[in-house]
Amino acid sequence: MTLDWDDIRYFVAAAKDGSTLAASRALGVSQTTVARRIDQLEQRIALRLFDRHSGGYRLTPAGAKLLDDAEAVAWEVGDFLALFPAGRRPVTGVFRLVVEEPLARPLILPAVDAIRLQLPLAQWEMVAKGSRLDATTSDSDIGVHLLAPSPRAGVAYRVLEGAVAWAAFSRRDTASSERLDLRHSSSLAGLVAAARRGDGVAILPACLASAEPELAPCPLIGRPPRRTDLWISYPERRVPIAVIDLLADALSAQLARAPEMARRAPVAPTAPAPRFEAAIASAA
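According to the numbering used here, the sequence shown is numbered sequentially starting from -13.
These are computed hints drawn from the structure, not numbers from a lab. Using N, Cα and C, we set each Cβ at its ideal position, and we do this for glycine too. Don't take every hint at face value.
[Stated by the list, open to error] Pairwise CB distance ranges (calculated): (1) D54 with D215: 50 to 56 Å; (2) G42 with R183: 46 to 52 Å; (3) R182 with D55: 27 to 33 Å; (4) A100 with R44: 41 to 47 Å; (5) R34 with S136: 50 to 56 Å; (6) Q17 with Y143: 42 to 48 Å; (7) R138 with V77: 22 to 28 Å; (8) D99 with G4: 37 to 43 Å; (9) Q26 with E200: 16 to 22 Å.
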């Protein structure tokens, strides 16, 4: 059985403070994160650690029996971290990435894989949403956005200027003269679905070339879609800057390879209608 140190840390905090709300304040994470991690620990060890009441969390006999050992683990980990100078302590914790679903496999997963060796004690979770991301992430989430998110109190932003290259894609076996971009759909997922159906030529991030086998790049005559920014949003007091720096570097490296991947992908057999020979406006 493999246990996550953070699950134990959340268990100890909730046992001491008597509620997930108090534990979340002590740990600097959201209440839902504490509750989710305690549920996860209970599932892994097949024991109920708390009885849930309207007034808070109360230890079960099994939970009370494990508390001393859990606190001992907490002290051991604390002693280990104390061996590192203040600015060089290893990054620990759970970081949850919230992204639009089509970007998860071609962009986010390779980026996270690239930084796992540099952050071996960090745990990563990912939530892929079908809707366009704006101010939808919670206070403990890291959001990756194709469009500039709305400003929020307590949320910081990192902008990767001009990082996203765009390309024209169409269904491999369909020729259409209808041009689609983010103005034609409420989300990137909807735009990809329209292109899969053969509704038209979709202007999509070039990184999707390796993730959408039903689509193929379309050679458009004229100026290609311009590059746009990629935005990272994160709770400024809850996510170490080192994590955002590594994530930004990994995303940038992955996006830098995207145009070449799109060029190497098999091209759609038929080109779009001549009206696409005109210069292409902004992709987003």
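Point to revise | Unsatisfied constraints (hint numbers, rising) | key: When the structure is compared with the hints, numbers 3, 5, 6 and 9 turn out to be violated.
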